Amino acid sequence: MSGQTTAVQTNTLATYLEQLEKKDLLRFITCGSVDDGKSSLIGRLLYESQMLYDDQLAALEADSRRVGTRGQDIDFALLVDGLAAEREQGITIDVAYRFFATERRKFIVADTPGHEQYTRNMATGASTADLAVILIDARKGVLVQTRRHSYIVSLLGIRRVVLAINKMDLVDYDETIYASIKADYARLAQRLGIESVVAIPVSAVHGDNVVAASANMPWYQGPTLLNHLETVELKARQADAPFRMPVQWVNRPDQNFRGFAGTIASGTVQPGDRIRVQPSGRLSTVKRIVSFDGDLPSAGTGKSITLVLADEVDVSRGDVFTTADQPLECADQFEATIIWMSEAPLLQGRQYLLKTSTRTVAATVTPVKYRVNVNALEHEPAERLELNDIGVCEVECDRALAFAPYAEDRTLGAFILIDRLTHDTVGAGLFNFALRRSQNIHWQAMDVDRTVRAAMKRQRGCVLWLTGLSGAGKSTIANLIDRRLTAMARHTYVLDGDNVRHGLNKDLGFTAQDRVENIRRVAEVAKLMADAGLITLVSFISPFRSERQMARELMLPGEFIEVYIDAPLAVAELRDPKGLYKKARRGELSNFTGIDSPYEAPSRAEIRIDTTQVSPADAAEQIVDYLDRLGMLVNT
Amino acid sequence: MIESAAPFSTHLDRLEAESIHILREVVAECERPVMLYSIGKDSAVLLHLARKAFYPAPLPFPLLHVDTTWKFRDMYKLRDEVSSDPAVQLLVHTNQDGLARGISPITHGSQIHTDVMKTEGLKQALDHYAFDAAFGGARRDEEKSRAKERVFSFRTAAHRWDPKQQRPELWSLYNTRKAKGESFRVFPLSNWTELDIWQYIHAERIPVVPLYFAAERPVVERSGSLIMVDDERLPLLPGERPMMRRVRFRTLGCYPLTGAIESEAATVEDIILEMLSARTSERQGRLIDHDGAASMEQKKQEGYF
Numbered sequence: 001m002s003g004q005t006t007a008v009q010t011n012t013l014a015t016y017l018e019q020l021e022k023k024d025l026l027r028f029i030t031c032g033s034v035d036d037g038k039s040s041l042i043g044r045l046l047y048e049s050q051m052l053y054d055d056q057l058a059a060l061e062a063d064s065r066r067v068g069t070r071g072q073d074i075d076f077a078l079l080v081d082g083l084a085a086e087r088e089q090g091i092t093i094d095v096a097y098r099f100f101a102t103e104r105r106k107f108i109v110a111d112t113p114g115h116e117q118y119t120r121n122m123a124t125g126a127s128t129a130d131l132a133v134i135l136i137d138a139r140k141g142v143l144v145q146t147r148r149h150s151y152i153v154s155l156l157g158i159r160r161v162v163l164a165i166n167k168m169d170l171v172d173y174d175e176t177i178y179a180s181i182k183a184d185y186a187r188l189a190q191r192l193g194i195e196s197v198v199a200i201p202v203s204a205v206h207g208d209n210v211v212a213a214s215a216n217m218p219w220y221q222g223p224t225l226l227n228h229l230e231t232v233e234l235k236a237r238q239a240d241a242p243f244r245m246p247v248q249w250v251n252r253p254d255q256n257f258r259g260f261a262g263t264i265a266s267g268t269v270q271p272g273d274r275i276r277v278q279p280s281g282r283l284s285t286v287k288r289i290v291s292f293d294g295d296l297p298s299a300g301t302g303k304s305i306t307l308v309l310a311d312e313v314d315v316s317r318g319d320v321f322t323t324a325d326q327p328l329e330c331a332d333q334f335e336a337t338i339i340w341m342s343e344a345p346l347l348q349g350r351q352y353l354l355k356t357s358t359r360t361v362a363a364t365v366t367p368v369k370y371r372v373n374v375n376a377l378e379h380e381p382a383e384r385l386e387l388n389d390i391g392v393c394e395v396e397c398d399r400a401l402a403f404a405p406y407a408e409d410r411t412l413g414a415f416i417l418i419d420r421l422t423h424d425t426v427g428a429g430l431f432n433f434a435l436r437r438s439q440n441i442h443w444q445a446m447d448v449d450r451t452v453r454a455a456m457k458r459q460r461g462c463v464l465w466l467t468g469l470s471g472a473g474k475s476t477i478a479n480l481i482d483r484r485l486t487a488m489a490r491h492t493y494v495l496d497g498d499n500v501r502h503g504l505n506k507d508l509g510f511t512a513q514d515r516v517e518n519i520r521r522v523a524e525v526a527k528l529m530a531d532a533g534l535i536t537l538v539s540f541i542s543p544f545r546s547e548r549q550m551a552r553e554l555m556l557p558g559e560f561i562e563v564y565i566d567a568p569l570a571v572a573e574l575r576d577p578k579g580l581y582k583k584a585r586r587g588e589l590s591n592f593t594g595i596d597s598p599y600e601a602p603s604r605a606e607i608r609i610d611t612t613q614v615s616p617a618d619a620a621e622q623i624v625d626y627l628d629r630l631g632m633l634v635n636t
Numbered sequence: 637m638i639e640s641a642a643p644f645s646t647h648l649d650r651l652e653a654e655s656i657h658i659l660r661e662v663v664a665e666c667e668r669p670v671m672l673y674s675i676g677k678d679s680a681v682l683l684h685l686a687r688k689a690f691y692p693a694p695l696p697f698p699l700l701h702v703d704t705t706w707k708f709r710d711m712y713k714l715r716d717e718v719s720s721d722p723a724v725q726l727l728v729h730t731n732q733d734g735l736a737r738g739i740s741p742i743t744h745g746s747q748i749h750t751d752v753m754k755t756e757g758l759k760q761a762l763d764h765y766a767f768d769a770a771f772g773g774a775r776r777d778e779e780k781s782r783a784k785e786r787v788f789s790f791r792t793a794a795h796r797w798d799p800k801q802q803r804p805e806l807w808s809l810y811n812t813r814k815a816k817g818e819s820f821r822v823f824p825l826s827n828w829t830e831l832d833i834w835q836y837i838h839a840e841r842i843p844v845v846p847l848y849f850a851a852e853r854p855v856v857e858r859s860g861s862l863i864m865v866d867d868e869r870l871p872l873l874p875g876e877r878p879m880m881r882r883v884r885f886r887t888l889g890c891y892p893l894t895g896a897i898e899s900e901a902a903t904v905e906d907i908i909l910e911m912l913s914a915r916t917s918e919r920q921g922r923l924i925d926h927d928g929a930a931s932m933e934q935k936k937q938e939g940y941f
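Protein chains in written order, with the working numbering: chain D, 1 to 636; chain E, 637 to 941.
Note that these hints are calculated values from the structure, not bench results.
One or more of the hints may lead you astray.
Claimed, not checked - Only pairs whose alpha carbons sit at most 25 Å apart, straight line, appear in this in silico PhoX-like list of lysine-lysine: (1) D:582 / D:506; (2) D:506 / D:457; (3) E:784 / D:287; (4) E:688 / D:23; (5) E:814 / E:800; (6) E:688 / E:713; (7) D:527 / D:506; (8) E:713 / D:22; (9) E:784 / E:800.
All values derive from a computational prediction rather than experimental measurement.
With the rest of the complex left out, here is chain E:
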């Protein structure tokens, strides 16, 4: 027997080949794909894989950034660099209605902010451009309910995810059939772990936001999390004063909702070594996951990535 499932080389080679296969399958079978671009490390890897998959052609789909307007300044900087590449078309969408209502993570809390500015904003953009497949950088190792997520995650015309309606996925045969209005969220990084991501960034020298590397940054400590004072919009509580700490971020979202960790890891190599001895999982820095028991599963059913 010719063993098609046996490794042909290293784990990174195998993961890369699988992701490229998925990216190409979507472009070959879907009408209007888009790549969700969140500016973080997973997005950086996904974008790099896409360039490889379609080389020498330019990316056959646009990138979409759903902008809550609360990202770190360094993230906007990298986003602008990426969009200056003529081979890349970047779309930016902000929920204007949410913006007009003044929705912010500070006054409304993480749940409402995420619902309105991320989940709603994403649905608006997908509907507006009539995208029928959206790539995301989610990985199965991130969170319990993600462990059962399909690579091609089917969504109803209302963008809902029904855990009981997901199609079985065998081999590398993906069923891309759907009716008009229905869509897929596609996760080419499903089988990658956080460590794989960093090893690949290291091996392929992929540029990422400097916030992942340790530096002296102004932070305040709130309910056990270190929140960076990235601009003047973060109101200080009575008696609170930003202090300079040597910190970095394992995950990047809206800055008032993203906790930093104290670290000395200033290079990709340092980060990998730190991870090998790390004792907390990466999503701990995400405040939105703690909103309620099984909260990620619920957010996904409502259309969150």
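So that you can see chain D by itself, here it is in the shape it has in the complex:
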């Protein structure tokens, strides 16, 4: 190739390049365990589609001799095992993305480990895939792990499966084995609602039917793996799908321009279309589709665009544009399927952040209805979800969302759950449907409100939340504050941990799960009391930061005052007013805070009382002074 090409060559060249630029893209996931030869299969695809360069091949040959498992032959598995730690252990523990292209198509492969403890990685890889290649060892047939892989694939909305029946060389390329595995799998696929299955007999190690047709299996007339991947039809989208676009960013460089940027989740849009803004329900008309390359006449699914509307409607990030007469359902309570991805279990009642399309809200998982046994494909009762569990739950959000069931829309039906303190992504979820009750219960507005009640009592309702170890002095101090305020003719109430457990919370134990629910109920009661105008004292160990944070967020700004009654464990244990530490040390009490259950000290409490320095009476005085300074007590 030189720079001096003739006119004719230039013309053909331009056409050729243009063709190459118009290839489409197939994203697929490979599922299988280490033993199934998955890495070998991917390595073989890369090798045979000539995506390996000489230097990579040389490195691979050197690695194969050093740590390979195939003697002097090239070990293709080494090619796709990325991180050094993984190479030493001989397993892949994360999701790796591989790229290759042929004349017809570009491919992105999500390579994920298949063991049960890596369900989260498989779900991650499946979430962006159009197709799944499921590997089966011909000697073993459809196994428990095949069911697990197929369930996750179908759950994440993949409707096309390639069944790669591998290691045919080890069963003498026997057609009857192939046929029997194919028939077994067809029954599983039907049960899971997988629409299309293509079964291909292969030997990844020797290359049979991976790229070239196998001379060892003349009985097989179907496509090779690569041939199928290159030609499988990527089902054309329904032309009449409703237009849906979550608003990602409001583009407002100056007073003259206001555009709404986002990626189209489904359907097409053109100027003049009537659209609805959800959840507000306001209507407008598309005026322009603005782009760097000039205004567009229309735009379709998957494109990232900027819309200008005909009127000044209130729109912000997190809203969703839809076709005016085909709006989405809006709800704040859902049934959802959740894949748990964190070492710390999902706790019912704990508040998480829920991010769906471009909106983030606070959400609580109310009952876990059941856990799915991914091996047996059966439902099991469950109180909580552990790492890699998949369960069906009820989810309650603090605001209404426009959504679609995941089975219908992979963008507006998907969400992730984020831990409020560690900020980790702890779960992935799929909306199933809205719970009816969320549409039928409305907040009842009353005429006598908190301001009126507060004025009558010459004080502002608030919540003093005393947290600390057992024996730190919470109840003692709460009692003194209560006496002091009552003497000043203020209106108060004390919610004491032990007392509440005699009534409202007597059905709860001391597991992490029950502690969360304990705090949730008390926080809700405290909120009502503060609304009624009372200075509410809560005296609770409340060991977890996230529950105290949840309580704080239930209240109005400034209404929640966290008081950390600080006593070192050794000091509290020495006081041991109820003899509980001794019991816990003897092993007669389990889940005791400070002993075998953690206490997470507040990092930004409004007040901290160091009980090794300050007497209970002085502490009470300090706290009452604090209320006075804040204007909680109205002087007459």
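Start from chain D and add chain E according to the hints.
Same frame as chain D, now just chain E:
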């Protein structure tokens, strides 16, 4: 079912839409984003995508060039052209301490030079401006440990990358939450390959540094690499004499550390055709990758891009 993951058109359209979505997500959710600008082809594509993502608004974040002072002269020229656009704000940072200590790729070798002038320099700049998200042009196809890199790569307050602490990324839902001091490196080109980059440069007519195109250039051959004598700072070894060869670069870094390849590809079209028949991967020209086994993974843990 409405198949949101199926292609709506060509692979380049799909990659472009994904990158624009990522760029906008950062601007919508992070407080102080910045775009790392290395002047190479990936940076050129990234900058072009950013202009598209935010049009008609000017770029809602500055560009940052961490300058080791050892880039090719042609790179500085393109950088100056880019920064002359009033819609673009370009920040340049050089590790002054490293400069004062006279750190250079020639006297200190690639490892120390890269650690001090690139990795350290980058951390200094990120801390100085308190950026909480930095776009980079890295791609997953470049190198093995990159294949598992997230689009939003979480970094501790000390800029460290912990492969065990990376968050799962599902669909196109990116978790952008972090505590004060923590940050993200964000890679909108994660799913692009080297070939995609060139096809996009071709389709969109994006200007790139002329060094990517073959021309007669003065080079010396050192341990199998062709090093261009770009200025008088490159000391010649005894008996060494620059020779004119028709060469180009597949990747651009500090000139004493970047090997050229002999090539006749003088246009973007030629480069694409050459790539389709190429037999070596692009990072082979980067001397820093060969510093030790799994060396890229280690550099990343320390804060390198």
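Verification of the supplied hints:
no., hint, in the structure
1, D:582 / D:506, "holds (24 Å)"
2, D:506 / D:457, "violated (32 Å)"
3, E:784 / D:287, "violated (42 Å)"
4, E:688 / D:23, "holds (22 Å)"
5, E:814 / E:800, "holds (17 Å)"
6, E:688 / E:713, "holds (24 Å)"
7, D:527 / D:506, "holds (20 Å)"
8, E:713 / D:22, "violated (33 Å)"
9, E:784 / E:800, "holds (11 Å)"
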